[in-house]
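J.: Listed below, chain by chain, are the residues.
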Amino acid sequence: MVSPRSFRVTFDRFARGVARVATAAAITLVGATAAVAESGPQPKPQAVVVRDAVDQFILPRIDTFKTRTRELTQAVAGVCEPDAKSTALQAAQAAFVETVRAWAPLDLIRFGPSARNHRLERVLFWPDPRATAERQLNALLAARAPELLEPGALAAQSVAVQGLTALEALVFNDKHRLGSAGDDAARYRCGMARAIASALDTVAGEIQSGWVGEDGYRAKILNPGPENRLYRDTSESAREIAKALVLGFDLVRDRIALPELQAISRTPPRRARLPFERANATGVFLVATIGALRDLYEACAFEARVGADKGWMTGFLTAGWNGLMVESERFDRVRKGEIASKDHLHVVRKLRFDVTSIRQIVVRELAANAGIIMGLNELDGD
Amino acid sequence: MPGSSWGSTSWMAIDRRRFVAGALVALAAPRAVLHAEARAAGQAAADVVYAAAARRAGNGYAVLLVTEDGRILREIPLTARAHDIAIDRERRRAVACARRPGYFALAFDLDGHAEPEVFVPPEDRHFYGHGAFSPDGRLIYMTEHDIETGEGVIGVYDTGNGFRRVGEFPSYGIGPHEAILLPDGRTLVAANGGFGSDPATGRESIDLAGMEPTMSFIDVETGALKAQHGLPPEINLLSIRHLAADASGAVWFGGQWQGAIEDAPALIGRARLDRPIALVEPGGPAGDTLRGYIGSVAVCAEGRLLAASAPRAGRVIYADTETGRIVHEVALKDACGLAGSGPRAFAISTGHGVVRVEEAAQESGALETRFPSTEFDNHLRRV
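Chains as they are written, first to last, in this note's numbering: chain A, 1 to 382; chain B, 1001 to 1383.
What the hints contain is simulated information worked out from the structure, not anything from laboratory work.
Think of the CB as a built atom: it goes at the ideal place given N, C-alpha and C, for glycine as much as any other residue.
Keep in mind that the hints are not guaranteed to be accurate.
[To be verified] Mimicking EDC-like on lysine to aspartate or glutamate, the simulated pairs with C-alpha atoms at most 20 Å apart in a straight line are:
id, chain 1, residue 1, chain 2, residue 2
1, B, LYS1333, A, ASP332
2, A, LYS85, A, GLU71
3, A, LYS220, B, ASP1263
4, B, LYS1333, A, GLU365
5, A, LYS44, A, GLU298
6, A, LYS44, A, GLU303
7, A, LYS220, B, GLU1262
8, B, LYS1333, A, ASP380
9, A, LYS220, B, ASP1288
10, A, LYS66, A, ASP55
11, B, LYS1333, A, ASP233
[Stated by the list, open to error] Listed next, with one range per pair, are the computed distances between beta-carbon atoms:
id, chain 1, residue 1, chain 2, residue 2, range
12, A, GLU206, B, ALA1286, 23 to 29 Å
13, A, GLY291, B, ASP1184, 54 to 60 Å
14, B, GLY1162, A, ARG135, 38 to 44 Å
15, B, SER1373, A, GLU329, 36 to 42 Å
16, A, ASP295, B, GLU1302, 53 to 59 Å
17, B, PRO1077, A, ARG271, 32 to 38 Å
18, B, GLN1228, A, GLY291, 43 to 49 Å
19, B, GLN1228, A, GLY152, 32 to 38 Å
20, A, ARG135, B, PRO1233, 21 to 27 Å
[Stated by the list, open to error] Residues of chain A placed beyond 10 Å of chain B at every Cβ, according to the derived structure:
id, residue
21, PRO259
22, MET325
23, ILE361
Produce the entire structure from the sequences given, and follow the hints as far as they go.
T.: Put into structure tokens, the structure is as follows:
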């Protein structure tokens, strides 16, 4: 049992750490802050924030994701050709990782076409604490129903077997190497992998098409008004964008940082189960998510919303974002090393600290200064 | 352990024992302070007093006892966010329930005559944020999650014996959120939200597509299921979360839509032991205009009017429980906590530190008070 005194000590140390960072930022970046004030990012009106977030962040990334799922479908089909080259599996695995990289920025866009028809879960079934995806996939593989391999047939099955989580179990499987050579079971696994990749490509296409056209989601979110049931004014659509950014911070914290920290803080330390471990792509997913958060943050021009009396915040945010990039790049490496090593603990704690700090500043300061007020219950009610 | 500056934060659920230690630190108020609070409570005996969890600027989380005119009678600091406060009015006690996934509950004397007690769920359980006292106050029923199986559980705790866990029975569903005891003192209604969450990944929902939200009517004497009502498959993403019983015995719920906002159905409905769920009559605000989320529901003292808060839409709507029709609504940013405050009056709390008391069907005459540096959390209870 940790004593109250030791709790206080660790908490005080944390508080001192924050104070040190803030002070250092304030001292060393006074000049930089002044320069930013003159030539730094300029604040955007809320309508421009929404437009830029949609046109410069969301839509290009949806297009990229659609391209990647098409390439993944082709690569998986290549593995399953009777005369597949020996490098075909590697190509499929690489295509899978690129699809993960392309999905990461979209995982935080949980409104619009992604939110309909369980598309988010059909792309990525996570969290999956009881390994439901693999369990259900194995049941399908054991049954070997040929009709499930028909185009579109998987859409009627559990969402757990339709997306990246299930496909990862097939494409990265040392015990049952993916390929059409071998027995009926091997050929069925290949057929299932093709069906899942194809289902992913279909969902990507649905998300893409859902944003375009007169009735598409782009038109809805860019044209708020009394007749618009989803967004009555610009503040509501701007809030949607800001909430996506905040959700992204929460996802990094809840999916990556906290499970890892919880596991390695145990005695003895344990391995956490994180997304895309089998594909060795947890770090790829994390790096892509952090990069996406930074891009969305910049699309919102939130840095220009630092209050005139809080110049230190600019340096603090810069240090925080730089820290997130460094920690996410190091994440896979420290996990592969000695578990709960000094480096391992430091990277994970720092990741949690930076993502929590920036989230708090965005909600309480930057978004608020931009007129985007996100209440405690609105943002995270239960 | 390395001497990292990032060694700890106020998020203490990493280690449940450590968390409880943190909570105890917060509770280690000197006896003199408790006595002072008791005197303050005595002086305020004539006041209308509310209890709520809150986030306080600079001070983290807390349980607050507040008056309508803006005074904070008591503040109990917490190291993590609480959700609802279960009240035992007759014995002047309350239990603040940790928010999902919760690992502590804080029992305290409303008048400050005794030091608070912390109790925790077993290792393989977490709290969902709500609890209900038995009529005699001997027991409290807590909504819980069996982490291993994912099933919902009602944990039973002996309030007179250090809140020792003395039993449990199923909630007959996944993700029990609020549970209320009906006036017969024997039937517990549990709102099974329909989805679980993995403590390792915080509050992220598991398998929304497979949701099966229900209202379970459970005999607390035997733990047996007396009746259960669900939703049609086409609206299975409507998580049933918050409950209130009206004067006729109908149990009303407020839901949280887990799908796209544009697909959200009506979010409020009712059921009885012997009648299935019916959503509110058409003509009221649709689910999309309420932004898919009802934060809490309450019935006024007279028992006829229901209030439902929609914090994402910044609205509170009032329904006539006899006709099922919406009779009035008010706009209030981040309004969420609701408590009956008179025959036909309600108190509303917001994440912006406002407590507003108003007659449900009147356009004017509301009393609105702002508590500085305070964000009221999900629920508000009249003490």
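J.: Please test the hint of 36 to 42 Å on the beta carbon pair from SER1373(B) and GLU329(A).
T.: For GLU329(A) against SER1373(B), whose Cβ atoms are near 39 Å apart, the range 36 to 42 Å holds.
J.: Take a look at whether the Cβ-Cβ distance between GLN1228(B) and GLY152(A) falls inside 32 to 38 Å.
T.: 35 Å, holds
J.: Does LYS44(A) pair with GLU298(A) here, judged by a C-alpha cut-off of 20 Å?
T.: Within the cut-off at roughly 11 Å; holds.
J.: Take a quick look at ILE361(A) and tell me if its Cβ sits farther than 10 Å from every Cβ on chain B, holds or violated.
T.: ILE361(A) clear of chain B: closest Cβ-Cβ about 14 Å, beyond 10 Å.
J.: Lying within 54 to 60 Å: is that true of the beta-carbon distance GLY291(A) to ASP1184(B)?
T.: 58 Å, holds
J.: Decide if the proposed pair is consistent with the structure: LYS1333(B) and ASP380(A), CA atoms, cutoff 20 Å inclusive.
T.: 14 Å, holds
J.: Take a quick look at whether LYS1333(B) and ASP332(A) sit within 20 Å of each other, Cα to Cα.
T.: 43 Å, violated
J.: Between GLU206(A) and ALA1286(B), is the Cβ distance one that fits in 23 to 29 Å?
T.: 24 Å Cβ-Cβ, so the 23 to 29 Å window holds.
J.: Is the gap between the beta carbons of ARG135(A) and PRO1233(B) within 21 to 27 Å?
T.: 23 Å, holds
J.: Hint says 32 to 38 Å; check whether the CB-CB distance for PRO1077(B) and ARG271(A) agrees.
T.: Holds: the Cβ-Cβ distance is about 35 Å, inside 32 to 38 Å.
J.: Could you check that no beta carbon of chain B comes within 10 Å of the beta carbon of PRO259(A)?
T.: With a cut-off of 10 Å, PRO259(A) comes too close to chain B, as the shortest Cβ separation is near 4 Å.
J.: Against the 20 Å threshold, does the CA-CA distance of LYS220(A) and ASP1263(B) hold or violate the hint?
T.: 14 Å, holds
Hints 1 and 21, counting from the list given before, are not met by this structure.
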